[in-house]
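A.B. asks: Got chain S; can you put chain P on it based on the hints?
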Amino acid sequence: MGKFGKKNKVSENIPTSALPDIIFMLLFFFMVTTVLRDQEILVEQKLPQATQLQKLQKKSLISYIFIGKPKNTALYGTEPRVQANDALLNTADIVQWVNRERDALAEADRGLITISMKADRDVKMGPISDVQTELREADARRVLYASVGKVLNN
Amino acid sequence: MARKKNRMSQEVNAGSMADIAFLLLIFFLVTTTIASDKGILNILPPKLDPNQPPPEIDKNERNIFTILINANDDLLVEGDYRESADGLDQEVKEFVLNFAIPDEETLPLYNSLPASLKAVARRDPESSDNPKEAVVSIKTNRGTSYDKYLEVFDMVKKGYFDIYAERVGLDTDEYRALTGKDDAEKALQDRGKEGIPMAISIAEPDKIGS
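Chains as they are written, first to last, in this note's numbering: chain S, 1 to 154; chain P, 1 to 210.
Treat the hints loosely; a few may be bogus.
[Unchecked claim] These stretches of chain P come out as covered by chain S in the derived footprint (C-beta under 8 Å, 3 or more residues):
(1) 15-23
(2) 74-80
(3) 104-116
(4) 141-151
(5) 178-189
Read the hints as simulated data drawn from the structure, not as lab findings. C-beta: ideal position from N, C-alpha, C; glycine also.
So that you can see chain P by itself, here it is in the shape it has in the complex:
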């Protein structure tokens, strides 16, 4: 009769289950490569039409923040020599939000900024007129290391992302984590970017001195 069965022996012997699971675990541990689809997004400019002359650029020098990197990975930022890219994000931020000559289009933009970003605007006549005009230009040499280029590009991006994040009251990391997968996230993203285009120009590297 079933009643007579010993209660202790009713359990299935699961002692070797751990061993089996361990074996599988070790297999997956060895074969796994945690997917790293992360990176820095860059939109390249469209290709030039050979039949048309390259577009004339009539931008004022003050509206372009130039970063040159030579073959020794030295930097020349707005004419000043330096060795490391530290602090470049802050300079980009100050350059973009300079508002030397805010026109009727960008004055409301300035007024809509939070106080912490308004404080960045120095209204220096030597720097950018307004965020719409501001362009950050990175020019490398063919001998520049990719590592250094990416470090500089990274810092410039950080400058922009700091502005966007501060506008919507988020942390920079939180802002970057927005993927725009639903409307609320998309709205936040757009509100951060509105009126301040991320204008990073990557110039064709030159061949001299590499």
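Next up, chain S with everything else stripped away, as it sits in the complex:
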């Protein structure tokens, strides 16, 4: 029992001089990976899972389109809607939106515009195919079905 009392007082505190460095390292990691959200998503977004994911080389070519049930069902109803930029679009306006997005790109890249389709997993194929028809109409034929990774069970 008496042994405990004999401990040296000086060696009791843990050296914490490296702690700020560790924290700073974490901080820099999150600072680099963070993307501040510049738009509010008005539709539900539970991305589906897939295994064969690919990453695109040039991020500037991607325009995002969101499809899902509106979060504010009192205002927009429960049917799946399409959101691009900040507002909900009607299907017929997609061509116009694509053309605007395409004009914002450099001239050489215009043919390579890619639409990342962030569709909720509960959406049916009907609205998806309507959007795809419009994208074909607008000649933006590269579509990326945004999805999250899944571990393959085999």
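C.D. replies: Just chain P now, kept in the frame of chain S:
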């Protein structure tokens, strides 16, 4: 004099640095959304010219691998009913590499394949003639869930990527990670794809029964 200064007190007091860093860290932790620009790439067909009739398709039925998905998310693969998409990748692989009638163009292709892929070729006269002719067709209903469609599409893509990866001696994941950003990667990518086009046709969904 400087010499007289106590060595112990020369350090700057950094005790609160951790607190400041913690505060910033927590801010970024909360605001961060790890960018997820990953997905499955699909190239849509060009739009139809209303003045021209839709192109005639004179493909043999055996060269088309048909997958139908109905509004209940049931599958009909080459006429067989099934509930899940498991194993579809293997079937696509066997279908594409069937080589029932290899012509002079595709025979060298067959000979260039590694032995593990040659073993897949069953030369079944009921299946595809050669990889150039083979088309995988996915047809959905308007009531099919997007989730199921993507699962099937994913499996078909996996079938193709497995072939490409095996040709260049890579893992499927490694092959998919190739971005073609330098010449060596581009060459690998092209060597995998050469002669075996990824022909996945997405048919217009039908409206009946949704």
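A.B. asks: Apply the coverage criterion to the segment 104-116 of chain P and chain S: a residue qualifies when its Cβ sits closer than 8 Å to a Cβ of the chain, and three qualifying residues are needed.
C.D. replies: violated (count 0)
A.B. asks: Count the residues of the segment 141-151 of chain P whose CB lies closer than 8 Å to any CB of chain S, then report whether that count reaches three.
C.D. replies: holds (count 10)
A.B. asks: Apply the coverage criterion to the segment 15-23 of chain P and chain S: a residue qualifies when its Cβ sits closer than 8 Å to a Cβ of the chain, and three qualifying residues are needed.
C.D. replies: holds (count 5)
A.B. asks: Count residues of the segment 178-189 of chain P with a Cβ under 8 Å from any Cβ of chain S, then say if the count reaches three.
C.D. replies: holds (count 3)
A.B. asks: How does the segment 74-80 of chain P fare against chain S when you require at least three residues with a CB closer than 8 Å, holds or violated?
C.D. replies: violated (count 0)
The structure is inconsistent with the numbered hints 2, 3, although it conforms to all the rest.
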